[in-house]
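*Asks:* Listed below, chain by chain, are the residues.
Protein chains: 2
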Amino acid sequence: MAIKFADRMDNLKASEIRELLKFAADPSIISFGGGMPAPELFPVEEMKKVAVAVLEESGQSALQYATTEGNVKLREQIADRMNRKYQSKVALDDVLITSGSQQGLDFAGKIFINEGDVVLCESPSYLGAINAFKAYGPKFIEVPTDDHGMVIEELEKILDSTENVKMVYVIPDFQNPSGKTWTMERRERFMEVINKHEIPVIEDNPYGELRFEGEILPSLKSMDTKDLVVFLGTYSKIFAPGLRIGWVCAAPEILQKFNFVKQSADLQSSTISQMEAAKFGEMYDLDAHVEKIKAVYKVRRDLMMKIMKEEFPEGVKWTYPEGGLFTWVVLPEHINARDLLKKCLEEKVAFVPGGAFFPNGGNENTFRLNYSNAPEEKLEEGMKRLAKAIKSMM
Amino acid sequence: MAIKFADRMDNLKASEIRELLKFAADPSIISFGGGMPAPELFPVEEMKKVAVAVLEESGQSALQYATTEGNVKLREQIADRMNRKYQSKVALDDVLITSGSQQGLDFAGKIFINEGDVVLCESPSYLGAINAFKAYGPKFIEVPTDDHGMVIEELEKILDSTENVKMVYVIPDFQNPSGKTWTMERRERFMEVINKHEIPVIEDNPYGELRFEGEILPSLKSMDTKDLVVFLGTYSKIFAPGLRIGWVCAAPEILQKFNFVKQSADLQSSTISQMEAAKFGEMYDLDAHVEKIKAVYKVRRDLMMKIMKEEFPEGVKWTYPEGGLFTWVVLPEHINARDLLKKCLEEKVAFVPGGAFFPNGGNENTFRLNYSNAPEEKLEEGMKRLAKAIKSMM
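These protein sequence lines are chains A and B, in that order. Numbered according to the working numbering, the first sequence spans residues 1 to 394. Numbered according to the working numbering, the second sequence spans residues 1 to 394.
Rather than coming from a laboratory, the hints here were simulated on the basis of the structure. Some hints could be false.
Identical copies look the same in the list; a pair holds intra-copy or inter-copy alike.
[Unchecked claim] Below 16 Å or equal to it, Euclidean Cα-Cα: the simulated EDC-like pairs (lysine to aspartate or glutamate) are:
(1) LYS348 - GLU380
(2) LYS317 - ASP146
(3) LYS378 - GLU163
(4) LYS384 - GLU347
(5) LYS306 - GLU76
(6) LYS388 - GLU347
(7) LYS226 - GLU192
(8) LYS139 - ASP302
(9) LYS4 - GLU198
(10) LYS48 - GLU376
Since the structure is predicted, the reported quantities are computational estimates derived from the model, not experimental observations.
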């Protein structure tokens, strides 16, 4: 075939996480791979009542086209949520609904990145964001992180010595993939540096509410005095990913660009999904639902940590996440996590090798584990198989 | 603010159609502007049963992440539909679900267009497609059309004399905005030329099933022997746009690119919306539903045609659509449709000025009328107001 694709298509390939979802469909495999919520916690019975209520009260509007920015009630609830949970001071007009926060990532790339521009991100960073940005042809510079978050001295060095830095992408709360959370002090210093350099920040926060211990820290957005921070949120982890409801919260000049881009990308997100999410917020207590999720995930995190401590051989390190969905494992340098995965798939257990989370490659001795999706018994069995496979490669 | 947006943002502005949706929200305005289906025909009662059935039978899966390519049952129904309606021979693996066909348009731009590449389209063409493609920086060449479709001699001349033509975008059935349909002979000659030049074709077909008279003609996709045609379909006009269900049907090499792009753009379309659309197809008769829609729209088309004939002054011309949602009006050259719109908004009636449908500008004496969204009484009143406004400008 003589068809010529655009050059950008050379940068895109199938996501390993999505490919892994195919394994996960095999019920005999215990998967720590995806970032899937526990389906047994979805409010299925409540959603039946919600769906009927939406169609009874406003069936015709629910099935019709609606505005690009999204459902007013839902945006109101989201603004309120951000103010209550993350100390923001935003209103519904600061919020635009997206189809999951993944769409917010794609749009951020489209809005900010010219080919060859520099994007800064944590090292490692979220694979899905890296792939979304790659379509727009940036160079990535990975900023080193430690247990307290991004290393600000390194960020400053890079900003002082680099042209064309167009945006900084960060996940300060229970980072994907590392599970780490930035301290308050790190957030403050980060915003000082950002304000000095006036670089847009994409603050991706899918997991912030899922904190098992301690207090939720203020979002970068709440500390933003120069309209530089674009906050991406989602209902996927606190409610249900199948509805594809996420949001962008940004200053008017930036949010208008998101609106234009969304118009040409898909006009609007599902009217009925938005109305259902808003109606759930009216009829039920989403905060109480999040508490239920946290209680279950905390038990799974604790169990995963316990088994790692008991079963993983010396020389293997991992992070202790105070919330969210993931922990991050660093193997001795001579072990390649892709080889480990091959062995593990034979043993019917899966995870995501860490190399893909580094946009500039390397770090093949790392991998990400998800603990939200497997019930305790399965989690225990899967972790034992994984430990055995690691031991066999030491 | 010092923030620098990507260069492509200079090409994007708010769609006039979307801005008009804001007028349409004012209930005192009779709008022929949008492309909205008649909401009174939405199967609201059926959807209540469908929603409950989906949540009862597979509530956890309906609220969970799912695969990028989309729900298997829905893709099966769509492939079957394409084969029955448009003489295609496709299977579920040839179909990928998108969030409306607008998303298919954006993805087509992303997949095929490098900055400066040439995109051919009918003159006029769909505003939303033009805007979606513009984000990727192409040059547009408009191919002249007559009452039988694209003028093939002109297409050949352009292809013979132009470098870097990366795709041809067409709407052969009840075109948006013109309401015109390509004849069989024109389809055959088009495919001959395309096969010779081996250029990808984006065949956008949102309205094809809404034919009020005569037989549905074969899709270009069904006549495609070289895997060059990408077919975009949607449930928005035959079912409900609020679910945001569209699809792409293409050869494996091309469809795989759509899959990669969708992964990074939004992972997948709404799981629950897809399951509901598929369940509706199982529980009810979508073909029968389409017949109901056609019967209502035919009456409205007839009424609009009748009033135009009776009330529009000499020197105004319009198309006779055999189906779909739109007719296209050409005013005498000295009348600017944007000025007419201003006058009409004072009289509480709205439409979309035609200039925006020509990517290279001009043709300001044209506009598009939609007849699907207004009940007869309103349609009659609105058309009379419109006729009066036109007369006052002659």
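*Asks:* Determine for every hint whether it applies to the structure shown.
*Replies:* These are the hints, each one checked on the structure:
1. Taking the closest pair of Cα atoms, LYS348 and GLU380 come within 16 Å of each other only inside a single copy of the chain (13 Å); across copies the shortest separation is 67 Å, beyond that limit.
2. For the identical chains of this complex, LYS317 and ASP146 are intra-copy neighbours only, at 14 Å inside a copy versus 70 Å across copies, given an alpha-carbon limit of 16 Å.
3. In this assembly of identical chains, LYS378 and GLU163 lie within 16 Å of each other by CA distance neither inside one copy nor across copies; the values are 49 Å within and 59 Å between.
4. In the homo-oligomer, the alpha carbons of LYS384 and GLU347 lie at most 16 Å apart inside one protomer (10 Å), although the nearest pairing across protomers, at 74 Å, exceeds that limit.
5. Taking the shortest alpha-carbon separations for LYS306 and GLU76, neither the intra-copy value of 41 Å nor the inter-copy value of 46 Å comes in at or below 16 Å.
6. Taking the shortest alpha-carbon separations for LYS388 and GLU347, only the intra-copy value of 10 Å comes in at or below 16 Å, while the best inter-copy value is 77 Å.
7. Taking the closest pair of Cα atoms, LYS226 and GLU192 come within 16 Å of each other only inside a single copy of the chain (11 Å); across copies the shortest separation is 58 Å, beyond that limit.
8. For a Cα distance limit of 16 Å, the shortest separation of LYS139 from ASP302 qualifies neither inside one copy, at 38 Å, nor across copies, at 57 Å.
9. Taking the shortest Cα distances, LYS4 and GLU198 sit within 16 Å of each other only across copies (10 Å), while inside one copy they are farther apart (39 Å).
10. Proximity of LYS48 to GLU376 under the C-alpha cut-off of 16 Å is found in neither arrangement, the shortest distances being 28 Å within a copy and 36 Å between copies.
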